[in-house]
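If you're matching them up, the sequences are chains G and L in order. Quick note: the first sequence uses the numbering used here, first residue 455, plus one each step. Quick note: the second sequence uses the numbering used here, first residue 24, plus one each step.
Don't read these hints as lab results, they were simulated from the structure. It is possible that part of the hints are untrue.
One-sided and incomplete, this derived list gives chain L residues near chain G with beta-carbon spacing under 8 Å [claimed, not checked]:
1) Glu37
2) Gly39
3) Phe56
4) Tyr71
5) Phe126
6) Gly127
7) Gln128
With a Cα cut of at most 20 Å, we get these calculated DMTMM-like pairs of lysine to aspartate or glutamate [unchecked claim]:
8) Lys531/G to Glu517/G
9) Lys101/L to Asp79/L
10) Lys506/G to Glu67/L
11) Lys503/G to Asp538/G
12) Lys34/L to Glu496/G
13) Lys85/L to Glu106/L
14) Lys510/G to Asp121/L
15) Lys531/G to Glu462/G
16) Lys503/G to Asp121/L
17) Lys506/G to Glu523/G
18) Lys503/G to Glu530/G
19) Lys514/G to Glu496/G
All of these numbers come straight from a predicted model, not from anything done at the bench. For glycine and all other residues, C-beta sits at the position ideal for the given N, C-alpha and C.
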Amino acid sequence: GDSVTQMEGPVTLSEEAFLTINCTYTATGYPSLFWYVQYPGEGLQLLLKATKADDKGSNKGFEATYRKETTSFHLEKGSVQVSDSAVYFCALIHPGNQFYFGTGTSLTVIP
Amino acid sequence: DARVTQTPRHKVTEMGQEVTMRCQPILGHNTVFWYRQTMMQGLELLAYFRNRAPLDDSGMPKDRFSAEMPDATLATLKIQPSEPRDSAVYFCASRIRDSEAFFGQGTRLTVV
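The shape of chain G in the complex, shown without the other chains (with noise of 0.2 Å):
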């Protein structure tokens, strides 16, 4: 069946620091990708997604290639903030079925 492995946390960066997030799925076919991010006592919003190969989602100064070759979607940061400290979880979705979610990944920028 389909399922999604996340790199295990917590990660703690200095601010400023690059950012990898490891996320590696497994599907049949041509899932749609996503990543979300919880801030603490918040749901989960979508933070960015790709629907096909090759496509890189980016929002906030985030990014994540849609990789079919290694069926992986790694969520990058050039330079992280005190504010991205949050839980960040890594989805995939077949249409008209259900969303496979990975395990999350706790990280703490400190300043």
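Here the structure of chain G is known, so what remains is to put chain L in place on it, guided by the hints.
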């Protein structure tokens, strides 16, 4: 600004009591999900509906949990009787066709 609305935001109840959580999906969205989030298990899918029909509720303990959509603007999740291990944050999310899922802010349930 369209959003998924969940009520109540917080609920504290005694073991054995019935708990009802409500969700108003975004108008026009035809798929609704219920998730449970705990520190130990992370985000678990409990059930989901399309066009008000249940498609998958295999993640839900059937003996005490039930999920329904009385109409297109309301989804409910009931626990009867509640137990301390049900303490968690319960999220509702909705989507339409191939859009992303839009999440509510959750109901934080504490069963004492």
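TODO: For the pair we were handed, Lys101/L and Asp79/L, check the Cα-Cα distance against 20 Å.
DONE: OK: Lys101/L and Asp79/L at ~16 Å, within 20 Å.
Open item on the list: Given Glu37/L as an interface hint, is its Cβ closer than 8 Å to any Cβ of chain G?
Closed with: This interface hint is violated because 24 Å lies over the 8 Å limit.
Open item on the list: Restraint: Tyr71/L near chain G, CB-CB cut 8 Å. Satisfied or not?
Closed with: holds (6 Å)
TODO: Mind checking the CB of Gly39/L against every CB in chain G and telling me if the closest is under 8 Å?
DONE: violated (28 Å)
- [ ] Assess, step by step, whether the Cα of Lys34/L is no farther than 20 Å from the Cα of Glu496/G, and give holds or violated.
- [x] holds (16 Å)
TODO: Take the C-alpha atoms of Lys506/G and Glu67/L, compute the straight-line distance between them, and say whether it is at most 20 Å.
DONE: Not satisfied, since the Cα-Cα distance of roughly 26 Å exceeds 20 Å.
Open item on the list: Holds or violated: the hint that Phe56/L contacts chain G, with Cβ atoms closer than 8 Å.
Closed with: Given a least distance of 7 Å, the restraint on Phe56/L holds.
Open item on the list: For a C-alpha distance cap of 20 Å, please report whether Lys503/G and Glu530/G respect it.
Closed with: holds (13 Å)
Task: Lys503/G paired with Asp121/L [C-alpha distance capped at 20 Å] - done: Given pair Lys503/G, Asp121/L holds - Cα atoms ~12 Å apart, limit 20 Å.
- [ ] Below or equal to 20 Å on CA atoms is what counts here, so check Lys85/L against Glu106/L.
- [x] holds (14 Å)
- [ ] Classify the hint on Gln128/L as holds or violated, based on whether any CB of chain G lies nearer than 8 Å to its CB.
- [x] Interface hint status for Gln128/L: holds (5 Å vs cutoff 8 Å).
Task: Restraint check for Lys531/G with Glu517/G, where alpha carbons must lie at most 20 Å apart - done: holds (6 Å)
In the structure shown, a violation is registered for the earlier hints numbered 1, 2, 10, in ascending order.
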